[in-house]
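*Asks:* With the hints as extra help, turn the sequences into a complete structure.
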Amino acid sequence: MRVDERTRDVAQGGKRNTQGNSGGTNRPASNQNGKSAGSRQSVAAARQLSAGQNRTQLIIGGVAIVVIVAIIVVGLVLNKKESAVQSEGYGASTQSVATTANGIVTVSKPGSTPAVTIDLYEDALCPVCAEFERQFGQQINKAVDEGTLAVNVHLLDFLNPQSFSRDYSTRAAAASLCVAQEDGSTPGAYLGFHSALFASETQPQEGSSGDLTDQQLADLASTSGAPAAAECITSGRNIAAAVAASTTSQETLKKATGGQVRTPTVVHNGAPVQLSVDWLSKLLAQP
Numbered sequence: 010m011r012v013d014e015r016t017r018d019v020a021q022g023g024k025r026n027t028q029g030n031s032g033g034t035n036r037p038a039s040n041q042n043g044k045s046a047g048s049r050q051s052v053a054a055a056r057q058l059s060a061g062q063n064r065t066q067l068i069i070g071g072v073a074i075v076v077i078v079a080i081i082v083v084g085l086v087l088n089k090k091e092s093a094v095q096s097e098g099y100g101a102s103t104q105s106v107a108t109t110a111n112g113i114v115t116v117s118k119p120g121s122t123p124a125v126t127i128d129l130y131e132d133a134l135c136p137v138c139a140e141f142e143r144q145f146g147q148q149i150n151k152a153v154d155e156g157t158l159a160v161n162v163h164l165l166d167f168l169n170p171q172s173f174s175r176d177y178s179t180r181a182a183a184a185s186l187c188v189a190q191e192d193g194s195t196p197g198a199y200l201g202f203h204s205a206l207f208a209s210e211t212q213p214q215e216g217s218s219g220d221l222t223d224q225q226l227a228d229l230a231s232t233s234g235a236p237a238a239a240e241c242i243t244s245g246r247n248i249a250a251a252v253a254a255s256t257t258s259q260e261t262l263k264k265a266t267g268g269q270v271r272t273p274t275v276v277h278n279g280a281p282v283q284l285s286v287d288w289l290s291k292l293l294a295q296p
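In case it helps, our numbering puts the sequence shown at residues 10 to 296.
Simulated from the structure, these hints should not be mistaken for laboratory data.
A few of these clues could be false.
DSSO-like, lysine-lysine: derived pairs with alpha carbons at most 30 Å apart [what the hints assert, rightly or not]:
{"#": "1", "residue 1": "LYS118", "residue 2": "LYS291"}
{"#": "2", "residue 1": "LYS151", "residue 2": "LYS291"}
{"#": "3", "residue 1": "LYS264", "residue 2": "LYS118"}
{"#": "4", "residue 1": "LYS118", "residue 2": "LYS263"}
{"#": "5", "residue 1": "LYS151", "residue 2": "LYS118"}
{"#": "6", "residue 1": "LYS264", "residue 2": "LYS291"}
{"#": "7", "residue 1": "LYS263", "residue 2": "LYS291"}
Label pairs and their computed distance ranges (CB to CB) [to be verified]:
{"#": "8", "residue 1": "GLU91", "residue 2": "ALA253", "range": "33 to 39 Å"}
{"#": "9", "residue 1": "SER290", "residue 2": "PRO236", "range": "34 to 40 Å"}
{"#": "10", "residue 1": "ARG64", "residue 2": "GLN283", "range": "27 to 33 Å"}
{"#": "11", "residue 1": "GLY279", "residue 2": "THR211", "range": "16 to 22 Å"}
We put the CB at the ideal spot given by N, CA and C, even for glycine.
*Replies:* The following block contains the structure:
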């Protein structure tokens with residue numbers, strides 16, 4: 010019995026020890042669970058932070074896109090305003106006549122005393138001059154027809170080297186003189202031919218083979234209301250006069266601009282005019 014009791018006591022003691030040791034091993038398990046919970050909290054916090062950062066980046070990106078779009082829209086609006094055709098719908102001149110002196114063509118309304126006189130320097134091959142004509146041609150026609158504006162037209166020939174024929178600017182300037190001399194008294198004829206020279210379907214491109222021949226220039230004059238000028242144009246009568254006038258006008262332009270020859274240039278009272286969408290309106294509004 011004693012042996013059995015001792016044996017049982019030992020067994021129970023061992024069992025108690027085993028349970029005690031088991032209890033001891035359960036405590037570290039409890040620490041691991043604590044660490045796991047902490048790790049899960051850290052991961053969750055990191056995810057929340059990342060989500061917040063992503064939202065911030067999306068907001069910043071959205072704002073940037075809105076700003077860029079606004080800048081583009083404002084730019085398009087301003088560009089459209091600056092390139093708007095002035096007096097659009099007025100059309101061709103119906104009252105103007107043209108006279109010549111020393112190779113310069115003066116356009117005005119008969120019997121008028123214009124408050125403003127400008128000198129307009131252009132080259133028939135100049136693409137920017139074509140844009141100038143597109144934007145301001147009708148406004149100039151209107152002001153001349155109303156008798157408030159006179160225009161001295163100087164057609165230069167410094168772009169000859171850019172033409173296929175190497176003399177297109179000179180020949181176009183000579184044709185312009187022919188129109189003023191032969192049909193200048195026909196209302197609107199000169200300004201009609203002048204506009205036609207710079208029309209998109211007429212003006213040659215620099216460096217292209219599309220120069221108008223003398224016959225084509227004569228035909229253009231006829232369709233513009235100046236048929237009497239045709240023979241003068243095809244004969245080349247004003248070639249020398251056009252060359253001389255271009256040389257003189259370039260020197261005059263250099264004096265006004267400080268040595269620069271650029272087309273188109275508008276000069277008023279001896280000084281170049283800063284071209285903007287309302288340059289002519291400002292000149293005409295001056296007392």
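*Asks:* Indicate, hint by hint, whether the structure satisfies it.
*Replies:* Verification of the supplied hints:
| no. | hint | verdict |
| --- | --- | --- |
| 1 | LYS118 / LYS291 | holds (20 Å) |
| 2 | LYS151 / LYS291 | holds (15 Å) |
| 3 | LYS264 / LYS118 | holds (29 Å) |
| 4 | LYS118 / LYS263 | holds (29 Å) |
| 5 | LYS151 / LYS118 | holds (10 Å) |
| 6 | LYS264 / LYS291 | holds (24 Å) |
| 7 | LYS263 / LYS291 | holds (24 Å) |
| 8 | GLU91 / ALA253: 33 to 39 Å | holds (37 Å) |
| 9 | SER290 / PRO236: 34 to 40 Å | holds (35 Å) |
| 10 | ARG64 / GLN283: 27 to 33 Å | violated (50 Å) |
| 11 | GLY279 / THR211: 16 to 22 Å | violated (32 Å) |
Hints 10 and 11 from the earlier list are contradicted by this structure; the remaining hints agree with it.
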